[in-house]
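Number of protein chains: 2
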Amino acid sequence: MSKLNFLFEPKHIAVIGASRSPQKIGFAILDNIIKSGFPGDIYPVNPHEDEIAGYKCYRSIQEIGAPIDQAVISVPVSRSIQVAEECGEAGVKGLVVITAGFKEIGKDGLKQEQQLLEICHRYNMRMLGPNCVGLMDTHTPLNASFAKGFPDEGNISFISQSGAMLVSILDWSFEMGIGFSRFISLGNKADLTEVDFIESCAADPQTKVILCYVEDIADGKRFIEVCSEASKHKPIIILKSGTSSAGAQAASSHTGALAGSDRAYETAFKQCGVLRADSISELFDLARAFSTLPLPRQSRVAIVTNAGGPAIVATDAVEKYGLKMARFTKDTIDKLRNNLPAEANIYNPVDIIGDAKNDRYHFAIEAVLEDQSVDSALVLLCPAAVTEPEKTAETIVTLKNRYSTKPVMAVYMGGKTLAEGKNYLIENAVPTFTFPEPSVRSLQGMFNYAEYIRNIHPPAPVNLSGIDCTAVRKIMNDVLADHRVVLLGHEASAVMAAYGIPVSRSYLARTEEEACQISRNIGLPVVLKISSPRIAHKTDVGGVEIGLHGEDDVKKAFRRIIEKVSYFLPDAPVYGVEVQSMVDDGVEVIIGMSRDIQFGPLLVFGLGGIYVNLIEDVTFRLASALVTEEEVKKMISETKAYTLLKGYRGKKPADLETLTAAILRTARLVTDFEEITEMDINPVRVHTHGATALDVKITIEKKE
Amino acid sequence: MSKLNFLFEPKHIAVIGASRSPQKIGFAILDNIIKSGFPGDIYPVNPHEDEIAGYKCYRSIQEIGAPIDQAVISVPVSRSIQVAEECGEAGVKGLVVITAGFKEIGKDGLKQEQQLLEICHRYNMRMLGPNCVGLMDTHTPLNASFAKGFPDEGNISFISQSGAMLVSILDWSFEMGIGFSRFISLGNKADLTEVDFIESCAADPQTKVILCYVEDIADGKRFIEVCSEASKHKPIIILKSGTSSAGAQAASSHTGALAGSDRAYETAFKQCGVLRADSISELFDLARAFSTLPLPRQSRVAIVTNAGGPAIVATDAVEKYGLKMARFTKDTIDKLRNNLPAEANIYNPVDIIGDAKNDRYHFAIEAVLEDQSVDSALVLLCPAAVTEPEKTAETIVTLKNRYSTKPVMAVYMGGKTLAEGKNYLIENAVPTFTFPEPSVRSLQGMFNYAEYIRNIHPPAPVNLSGIDCTAVRKIMNDVLADHRVVLLGHEASAVMAAYGIPVSRSYLARTEEEACQISRNIGLPVVLKISSPRIAHKTDVGGVEIGLHGEDDVKKAFRRIIEKVSYFLPDAPVYGVEVQSMVDDGVEVIIGMSRDIQFGPLLVFGLGGIYVNLIEDVTFRLASALVTEEEVKKMISETKAYTLLKGYRGKKPADLETLTAAILRTARLVTDFEEITEMDINPVRVHTHGATALDVKITIEKKE
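Protein sequence lines, in the order shown, are assigned to chains L and G. Mapped onto this note's numbering, the consecutive letters of the first sequence carry residue numbers 1 to 704. Mapped onto this note's numbering, the consecutive letters of the second sequence carry residue numbers 1 to 704.
Simulated from the structure, these hints should not be mistaken for laboratory data.
Copies of the same chain look alike in the list, so a pair counts if it works inside one copy or between any two.
PhoX-like mimics (lysine-lysine), calculated; alpha carbons at most 20 Å apart, straight line:
1) Lys-3 / Lys-208
2) Lys-270 / Lys-633
3) Lys-651 / Lys-564
4) Lys-564 / Lys-652
5) Lys-221 / Lys-270
6) Lys-24 / Lys-357
7) Lys-652 / Lys-538
8) Lys-651 / Lys-538
9) Lys-416 / Lys-391
10) Lys-148 / Lys-357
11) Lys-416 / Lys-148
12) Lys-538 / Lys-564
13) Lys-148 / Lys-24
14) Lys-232 / Lys-208
Remember, predicted model here, so these are calculated numbers, not experimental data.
Build the full structure now, drawing on both the sequences and the hints.
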């Protein structure tokens, strides 16, 4: 684990391709480093100059002599490989490669980029970029970028896969009065990625909030490891673009990155405590809230307002975003009643009415912040004739600092009349909004994060006994030897059994007699299903017969199935008919898995049956991070199926313990066997005691 | 239908309670009227003054002598009744009652308010308020309010139930450069309501967009009439707050539980073409878009950008909000390829890359606007070294005006660097945003409205034959005579039959023998259900037996039902057992109704069965506005049930014609009989041919 100090707090920094010409990027970089007040040594490198901006200029990195922590490279792409090699030889620790013309331009560029990376590996150098804007640290201070301007000091780190986004946000931040600790432009992420910088910022004492804009995530597994750990201590907020199918196209043409499915990202973020922003403004609203406020203990919000309408809008937002309106103690209510005008509303939202001056705000805000049943406060102010927006701003700041364990936000609804008060609030670390809704949304983000933190438990080791890997391995080898990738019903049911997942075993019958024999063994009534590697939807071709109570029924059904299938699909190879016990009680659920390129096996759970795709009552988890029974139970509880499982309308509750174990065992199965690419256990019938997997579909791929 | 010209364009205006003292509201009102440049005659009224602000002051309204169009009243509440009376006598056409202390303070105030209203009715005066801020019209011009400032001239009318909201928005509008045609503060809405002002603004040639902030709607029926007509010509955008304070309706039916009071508003807005804003900023984003842009023909958006990341974010938003990324013609693609640098992306989003100056923007924007397959364009600009934000702004304005049938918006991502360009865009009627998402959301609003307009068809008269009102009337009278409000199964099924809604008739059997007799008549197999006014969930108490194939089964089932029910609910009065034919094929749907206080009968349609509340696959319509078969078919198509009805996974399609007729007949039934408060037809089984209502629950109330 590296803090990447040689990038953020280097002692000696070289600028390769430094220039005297203000049009050149090599000028802007050197100029930025100098103007940022960087306290270390600066070494411009340019074979054609002796001196730039008062600094001695070196012909090459070797000529410098001193040990270089960081080399910022802005040379033509044709020279970049050689320059990197020289840096390696000179023992440089980290490269910031500004130069563009690599992976983003196509195959030739990719080749060059791979060469760069190979050099870094060979010399044990790390690299930011190529094709990036650079990086900044306001506390060092260091501006090793070609962006215009240097952010105000602050505690937010912003990591961006888009250089333009970073430059835009920087420009915007001056207007909004947002300060930053670090700005990092990832560029092509050839070596160092968002994960490395999340890790580094997590270790940075000056960073309180980590923001990311990413279009893809390079290493799903490490991302989860790093973020799970980092998010325990600092909020990580990510805007992940390329969510739409159209957006994914744009993403690949932009960075050449492979886009993972958005569901896997969504799930990964949730499971490792990363907050996902839905928009750029939400990203920064959340950043401001986290950077200035304590986490709320619970979800109970108090609102103090001088106007009814906006307070109703805010109250709506509180419900919409899943927070609660605080119910004040009798003490608070008495206090408010005794001190506010008769027309005031003393219940939440506290409406101190239009003629409220600062003193009334002060009294009401303090009263609600003192209340034990209030976890956060929102102050709304509309411009009326006697309103005192500046004085009230001072009051809000004072009380926010006095009640420093509770988040306090302000909504100053208006323009010029309120501008001065608004600025005072922002300068004094009170998140301030023009309209109520985004303030409540930010509170929701804080509450969600606080809940996540509260619910982190050390993973209890899950003991899954009676697992027979060898049996599964053999089945898979047999399937592959048969040149198939889809397991037949009896094979899949054998896999279930080998992993202790309760299943109604199905057996292959090649003849009517075999079918009767099996029926006798497993007990009537039975179900018959066609067994063919080419038939996915068995019911649609008449390949399923249920409720067979006698051997005669079994024989007839066997014949009917074979006849119908050979009529509908004369060319489908038929292996026989699967015979399975009939089970028809219990709640139908689905347990499934699809393997994501970035994040590995993605488990699904939800309402099962033939309408599963229609109803879409499902929830997801990454198997790799699904380690506790608690998490599985939480997963189950997120679905509507849970309402049925708990016992809907007088029914007895279903066996959640067995279901939980089945999900954990499924997770183990798909983790143990990476060749399983897709899997549906649908339906699983969950009984009052026990459960039965009825139909299991497993798709595998050949592993080299 | 009144245009309320005496309020917005009065010739003679009186200010009753005009004052010389700048602290008084009566001063602010007079001052505002004068300063707004009002061209008519102004008459201050105050018995203690001879002259105010250079105007002759009158002792009373009678003293003026001239015909007064509008009297703005700001006198103590104790004097207001008398003043109103005097206005009536003097023949004033309209009152604007600023004075507070009426309904909003409780019972005494309400009484005073009713007196005011009675006076208005008596003298045929109309009244805005009481307890309001006043009104403004920038084109008259007239500022008859006590708000600080007067908005810039524009074409947006803003009607607000909250005075503070209006004042806040006014203050904010100066900063944002938003102009208005009218500002109306509704106050307590004793006489004139949002509906009157929507109607008036619809008739106002200076108003292009009508905005409303409301907390409730006074007259649902008139609201729908007025808005259905007005929205054909002008967009109406409403922010309706108080969604959370919606009290849980006493709901004994599925439909009632699904509906909730906000659902009725949501449905009403949708049915009469009103756009609903989710937040204050969305309200004004939409207002700006509609006020400055033409409606898009279809949903195909072109994006021109100088940076990849923000374009991906915008592309995501296009999909999220249900719009489409335009696919350019070959012509356009060739043109872009031949004129843009090799690194540019010539497909949508068009990325003209970071070194793009104004000329490249000009070329690319014009190319996409010329393309027939582009309906709207979004221009993204991030500050890079050579970017020309001001010149590009001029280009955008020029092209927006040249291609005046296509909406063009701008996203200028940044702060000070882009401020001048941004201002130019706003001044020249290009909706301009800092981040992409809200711009796309606004485009979506425009597209939705355009779609609504396109799909308005003159209502075809629906011919429903074979309706027997008398039979239904008799059943209801009998039920009420039996001191019940819930119809028994056989009664409800008779109501269905009387309205030609296909139903499996159920008949009441008081004895086993009667049950056998009925079974013989209607044909076996049958279903038996307990008949008791006290048992809502029959299955839960063992009150239902299905699949009875022989008379012996019927007898046994009869006994079992009576036994079980008397065991579980010994005190429930039992009328007997309902006998009904067994029907088990077809798709299960629900048709239901719950009556909303404001908007009347609210119909529900969706996936039926016992899980209807769990799955919540439902859609709503107000019966009063559901006049065409097309609308019913659209309603059906909005649900997942539709996927099943169309024939899911190889099944034959269900009989949509019969289902459509059943919904129309249900609408007629609940419109004809206002005493029906709630109704569930669940399930209705829709077959390949025909449909059958199986279980019908109707709740009525006694009408005076």
